[in-house]
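Chemist: This is what each chain is made of:
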Amino acid sequence: MGIEGIGARVVRKEDKRFITGGGRYVDDMVVPGMKHAAFVRSPYAHAEIENIDLTKAKGMPGVIGILTGKELKADGIGNLICGWMIHSKDGTPMKMGAWSPLAIDKVRYVGDAVLIVVADTKGQARDAAEAVEITYKELDAVTEAVDALKPGAPQVHAESDDNLIFDWEIGDGPATDAAIAKAAHVTKVKIHNNRLVPNAMEPRAALGQYDKAEDHYTCWTTSQNPHVARLVMSAFYNVAPENKLRVIAPDVGGGFGSKIYIYPEEIVCLWASKKTGVPVKWVADRTESFLTDAHGRDHVSEVQMAFDADNRIIGLKVDTIANLGAYMSLFSSAVPTYLYATLLSGQYAIPAIHGNVRTVYTNTAPVDAYRGAGRPEATYLLERTMEIAARELGVSPAELRRKNFVTSFPHQTPVIMCYDAGDYGASLDAAMAASDYAGFERRRAEAKARGKLRGIGMSCYIEACGIAPSQAVGSLGAGVGLWESAEVRVNAVGTIEVLTGSHSHGQGHETTFAQLVSDRFGLPMEQVSIIHGDTDKVQMGMGTYGSRSGAVGMSAIVKALDKVEAKAKKIAAHMLEADESDIVIEDGALKVAGTDKTIPWFQLALAAYTAHNLPQGMEPGLKEGAFYDPSNFTFPAGCYICEVEIDPDTGKTAIVQFVAADDFGNIINPMIVEGQVHGGLAQGIGQALLEGTSYDAASGQLVTASYMDYTMPRADDLPSFVVSTTVTPCPGNPLGIKGCGEAGAIGSPPAVMNAITDALGHEDITMPATPHKVWAAAMKH
Amino acid sequence: MYSVNYHRANSVDDAAKMAEAGDAKFLSGGMTLIPAMKTRLAAPSDLIDLTHISELKGITISGRTVTIGAGTIHYDVATHTDLKALCPALCHLASHIGDPAVRHRGTIGGSVANNDPAADYPSALLAMGATIITNQREIAAEDFFTGLFETALEEGEIVTAVTFEVPEKSGYAKFPNPASRYAMTGVFVAKGKDGVRVAVTGAGDNGVFRSEPLETALATSFDAKALEGLSVPSDNLMGDLHASPEYRANLIVVMAKRAVLAANG
Ligand SMILES: Cc1cc2nc3c(=O)[nH]c(=O)nc-3n(C[C@H](O)[C@H](O)[C@H](O)COP(=O)(O)OP(=O)(O)OC[C@H]3O[C@@H](n4cnc5c(N)ncnc54)[C@H](O)[C@@H]3O)c2cc1C
Numbered sequence: 001m002g003i004e005g006i007g008a009r010v011v012r013k014e015d016k017r018f019i020t021g022g023g024r025y026v027d028d029m030v031v032p033g034m035k036h037a038a039f040v041r042s043p044y045a046h047a048e049i050e051n052i053d054l055t056k057a058k059g060m061p062g063v064i065g066i067l068t069g070k071e072l073k074a075d076g077i078g079n080l081i082c083g084w085m086i087h088s089k090d091g092t093p094m095k096m097g098a099w100s101p102l103a104i105d106k107v108r109y110v111g112d113a114v115l116i117v118v119a120d121t122k123g124q125a126r127d128a129a130e131a132v133e134i135t136y137k138e139l140d141a142v143t144e145a146v147d148a149l150k151p152g153a154p155q156v157h158a159e160s161d162d163n164l165i166f167d168w169e170i171g172d173g174p175a176t177d178a179a180i181a182k183a184a185h186v187t188k189v190k191i192h193n194n195r196l197v198p199n200a201m202e203p204r205a206a207l208g209q210y211d212k213a214e215d216h217y218t219c220w221t222t223s224q225n226p227h228v229a230r231l232v233m234s235a236f237y238n239v240a241p242e243n244k245l246r247v248i249a250p251d252v253g254g255g256f257g258s259k260i261y262i263y264p265e266e267i268v269c270l271w272a273s274k275k276t277g278v279p280v281k282w283v284a285d286r287t288e289s290f291l292t293d294a295h296g297r298d299h300v301s302e303v304q305m306a307f308d309a310d311n312r313i314i315g316l317k318v319d320t321i322a323n324l325g326a327y328m329s330l331f332s333s334a335v336p337t338y339l340y341a342t343l344l345s346g347q348y349a350i351p352a353i354h355g356n357v358r359t360v361y362t363n364t365a366p367v368d369a370y371r372g373a374g375r376p377e378a379t380y381l382l383e384r385t386m387e388i389a390a391r392e393l394g395v396s397p398a399e400l401r402r403k404n405f406v407t408s409f410p411h412q413t414p415v416i417m418c419y420d421a422g423d424y425g426a427s428l429d430a431a432m433a434a435s436d437y438a439g440f441e442r443r444r445a446e447a448k449a450r451g452k453l454r455g456i457g458m459s460c461y462i463e464a465c466g467i468a469p470s471q472a473v474g475s476l477g478a479g480v481g482l483w484e485s486a487e488v489r490v491n492a493v494g495t496i497e498v499l500t501g502s503h504s505h506g507q508g509h510e511t512t513f514a515q516l517v518s519d520r521f522g523l524p525m526e527q528v529s530i531i532h533g534d535t536d537k538v539q540m541g542m543g544t545y546g547s548r549s550g551a552v553g554m555s556a557i558v559k560a561l562d563k564v565e566a567k568a569k570k571i572a573a574h575m576l577e578a579d580e581s582d583i584v585i586e587d588g589a590l591k592v593a594g595t596d597k598t599i600p601w602f603q604l605a606l607a608a609y610t611a612h613n614l615p616q617g618m619e620p621g622l623k624e625g626a627f628y629d630p631s632n633f634t635f636p637a638g639c640y641i642c643e644v645e646i647d648p649d650t651g652k653t654a655i656v657q658f659v660a661a662d663d664f665g666n667i668i669n670p671m672i673v674e675g676q677v678h679g680g681l682a683q684g685i686g687q688a689l690l691e692g693t694s695y696d697a698a699s700g701q702l703v704t705a706s707y708m709d710y711t712m713p714r715a716d717d718l719p720s721f722v723v724s725t726t727v728t729p730c731p732g733n734p735l736g737i738k739g740c741g742e743a744g745a746i747g748s749p750p751a752v753m754n755a756i757t758d759a760l761g762h763e764d765i766t767m768p769a770t771p772h773k774v775w776a777a778a779m780k781h
Numbered sequence: 001m002y003s004v005n006y007h008r009a010n011s012v013d014d015a016a017k018m019a020e021a022g023d024a025k026f027l028s029g030g031m032t033l034i035p036a037m038k039t040r041l042a043a044p045s046d047l048i049d050l051t052h053i054s055e056l057k058g059i060t061i062s063g064r065t066v067t068i069g070a071g072t073i074h075y076d077v078a079t080h081t082d083l084k085a086l087c088p089a090l091c092h093l094a095s096h097i098g099d100p101a102v103r104h105r106g107t108i109g110g111s112v113a114n115n116d117p118a119a120d121y122p123s124a125l126l127a128m129g130a131t132i133i134t135n136q137r138e139i140a141a142e143d144f145f146t147g148l149f150e151t152a153l154e155e156g157e158i159v160t161a162v163t164f165e166v167p168e169k170s171g172y173a174k175f176p177n178p179a180s181r182y183a184m185t186g187v188f189v190a191k192g193k194d195g196v197r198v199a200v201t202g203a204g205d206n207g208v209f210r211s212e213p214l215e216t217a218l219a220t221s222f223d224a225k226a227l228e229g230l231s232v233p234s235d236n237l238m239g240d241l242h243a244s245p246e247y248r249a250n251l252i253v254v255m256a257k258r259a260v261l262a263a264n265g
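Residue numbers (the UniProt record's numbering), protein chains in the order written: chain A, 1 to 781; chain B, 1 to 265.
You may find that some hints are simply not true.
As the list claims (entries may be wrong) - Here are the simulated EDC-like cross-link-like pairs (lysine to aspartate or glutamate), alpha carbons at most 16 angstroms apart as the crow flies: (1) K773/A / D649/A; (2) K193/B / E168/B; (3) K25/B / E168/B; (4) K38/B / E288/A; (5) K38/B / D285/A; (6) K773/A / D240/B; (7) K773/A / E246/B; (8) K38/B / E130/A; (9) K780/A / E246/B; (10) K570/A / D582/A; (11) K225/B / D649/A; (12) K70/A / E50/A; (13) K150/A / D161/A.
Unchecked claim - Just so you have them, the derived chain B footprint on chain A, three or more residues with Cβ under 8 angstroms: (14) 705-717; (15) 769-780.
Unchecked claim - Pairwise CB distance ranges (calculated): (16) E155/B / R450/A: 36 to 42 angstroms; (17) A140/B / D436/A: 56 to 62 angstroms; (18) E155/B / E138/A: 35 to 41 angstroms; (19) E20/B / G152/A: 57 to 63 angstroms.
Just so you know, the hints here were simulated from the structure itself, not pulled from any lab data.
Using N, Cα and C, we set each Cβ at its ideal position, and we do this for glycine too.
Same shape as in the complex, but just chain A (with noise of 0.2 angstroms):
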């Protein structure tokens, strides 16, 4: 490893301009002749829109255009899709109602877009969509999965009756039933994974401009993949044939899975652009964020693990709601089904599994994939159960775990996955060892002397990252295939420019792709630009999401390398007069190994440009691109432990300790990835201890629509983590990486509120466990 290779702690290329106010986001953008545009929402939960008049608005300063939902609907915009297709266990497809980037009809959730303002300023535009006048007729509304499954219950799409989605199952029945019944011992848990808003830094933004001249348009947007987007409203939006639309998603300030979705606005603004014939730019505040951002988790679960008189887990079974809120957003079929059930096994060696999943529509926003994305919903679910199960069996949780463990690889499991590589023992040892676990109870005892609730909770998570081999995901029912590309271009001067598909949100991609890259030539990093998030600059790619940028966007670049490299020593080779096997590359040069015979890199780029003297036949350049197809999903794994004292006075819950063991397969910059992980934790301890997402049940309003009532993670509501890794690297990529982007977030919450509840001698408290919550638990104590 060099001072900026592969396993380098180099500090961040792009910090420097984040951290100075250099970022260039989409509310910085900047074209002649652009205006500002403002929507006009739904108040209500549920209603029929019966008159809207314009009158009014449309003779306020500066207004431009009032654009409505009937107009874009003549105009052929489509519907907004759900791009993976989910059926019934009776072989029904999913039953999906329509959402209209303009409401037209019915509004279903408060923030449901109905129309667009475009004035001169942003103050112009609000006022006159103040200045709109919508009579609506207010119909009840539903909030919670499990009261809208109830008879009765409103209809939120007359597609789908009972706003019952898609009931599915995984796994084996049967099986599973018989090994339930012949148990020595079954735990039986109800779990309830809390809804989350992503509250990424930067709100969403887009900025359409049509181009009259060029018949062309332009979308700057807040955009986790630029391409998928650009794909997506080509293709079903109607808004542009692709080579007639370009995507730019530019400095994104946070995504957490928020912005991989194609929303409304950037619809709805590229169409304004054209039809008021100005760019319109539209940037949420924070309340709109709130409202309309897709929120993440929210299930309801009963679950049943069986053990054998061994304790070792016989059968598991599992029936969850998933609340998908007003309208199915582009992954959130797939979120609670194949992101989520595909990992009950966790690192458990279970012979039976069935899983069934109810999706449900209420009036709430839409919920889709927010970091982890089923993943925590599973590991909460199993983590819990087991610390439960533990406690029933009076046997210790680490050794009910350990007991259970896959220990050979590969391991099928019985839903669908095949784990490649791990030791989930050394995860479970690094951990237990950092914690001092077995020094616990001497701990407890001198918190107990000073009154208070001391305890001590693990959760051994398995994930699912590099997302994913197409041709198993289209089999499974997804829309797009999974592959990421990459296109490696050496300039005539010997520097680099790599083109990703994948896209940079915070995750860091400017500088460890780029050691990549420095790794492989021996060049300095500076002479290597990572290039991201233009439609019109880069080759097709899929976007970054589910920890796929290293294992899925990383072997992409691998594989352009490897081609550039080949044609590199092939050139060295003829003009060094030696054999192509001979030639190596290092410290940014191609030589003879064993001799003193060598070329600088920078000229071997120019020998391939000036194309004076190449071997006969090879075409000039250096530039080489590739897709990446992945082989397998790759399986990141862990242990954390987590120590809570809580003061039994208040319910306040400090989280004393923090210890994180992971696997993360082989690291290409250590520093990142502790940052990654920092960053998971805070949100999977936020939504352990702070966030919880609260709608009113009888009017729909979201009640946590601003930072007074949604709690979210402070420097000072968490410890200083002590992270660790251990290393099987992943035999699926060529660079035997595994993915990190996520761990943080899935793993931690039942690690907390195993804490809790170990401290509070019992169970009964779900997510946030609020110092109301856990006051109010440790009265009943």
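Given chain A's structure and the hints, the job is docking chain B with the ligand onto it.
Modeler: Showing chain B with the ligand alone in chain A's frame:
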């Protein structure tokens, strides 16, 4: 934000005159008013900026009488050396308002005039029997804080200072709302020449109030032990997403104990 006419006042009289026009509002730190305007919940026609009036700023101490200008920022109260020596509870309170940015903009006058039911200062002023001085009169804290975001201030009346006699002992303990970090329950205890006064903020459904059961118990013995086993009724306490009235009732006693411990050093 709606468009608004901005006026900069150079004196209190100046500001009072400016306020006669339209639907005017005074601007101090803007930590409450500006967010309300940005979300279009407040829509004054005119904004009268008090932050450049020097007569509104500063802390004066004479004997045990403290006078704090309405325009004094929380940071200055929190870090005032002489005040800290005399009445550390108030400095402690100010140092726990919001975050550093809020403490460097927000003012005691703005906080008092706004009378947020979860604000910290009202409890201190009520417990210490402070007087709120305006450009027209002097109002006892008892009479000043009249309800949720309600005060005795008349239209156009300007808070210029607050003044109080430093009690023999005082202490403040706050349990912050996890999200907003305003007081979910804050208790200020003061032992002065008029006896023991205990004021509670963040918990009452009609704003800051004095707790009789706590005052009675502490009058007998100004010691946290005097509150052992005591409970206060949960009637007239706020219940919301973050805390039920019963939980707040519990927090009142717990915070009162901690405030007394702090007061007794
Ligand atoms: C993030 C955040 C966290 C906060 N946390 C806390 C907290 O923990 N505890 C707490 O107590 N407060 C908290 N606050 C509020 C803060 O203390 C403000 O300083 C206070 O509420 C208002 O003071 P201001 O100077 O900013 O007043 P402004 O916002 O300028 O004005 C508030 C109101 O008072 C009126 N007003 C202002 N000055 C006068 C005057 N001299 N005479 C008459 N009327 C006047 C204004 O017209 C307006 O109606 C927080 C605020 C923020 C933004």
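Chemist: Hints first: check each against the structure and report whether it holds.
Modeler: Comparing the hints with the structure gives:
no.	hint	result
1	K773/A / D649/A	holds (12 angstroms)
2	K193/B / E168/B	holds (8 angstroms)
3	K25/B / E168/B	violated (38 angstroms)
4	K38/B / E288/A	holds (13 angstroms)
5	K38/B / D285/A	holds (10 angstroms)
6	K773/A / D240/B	holds (13 angstroms)
7	K773/A / E246/B	holds (12 angstroms)
8	K38/B / E130/A	holds (14 angstroms)
9	K780/A / E246/B	holds (14 angstroms)
10	K570/A / D582/A	holds (10 angstroms)
11	K225/B / D649/A	holds (15 angstroms)
12	K70/A / E50/A	holds (13 angstroms)
13	K150/A / D161/A	holds (11 angstroms)
14	705-717	holds (count 6)
15	769-780	holds (count 5)
16	E155/B / R450/A: 36 to 42 angstroms	violated (53 angstroms)
17	A140/B / D436/A: 56 to 62 angstroms	holds (57 angstroms)
18	E155/B / E138/A: 35 to 41 angstroms	holds (37 angstroms)
19	E20/B / G152/A: 57 to 63 angstroms	holds (59 angstroms)
Comparing the model with each numbered hint stated earlier shows that hints 3, 16 do not hold.
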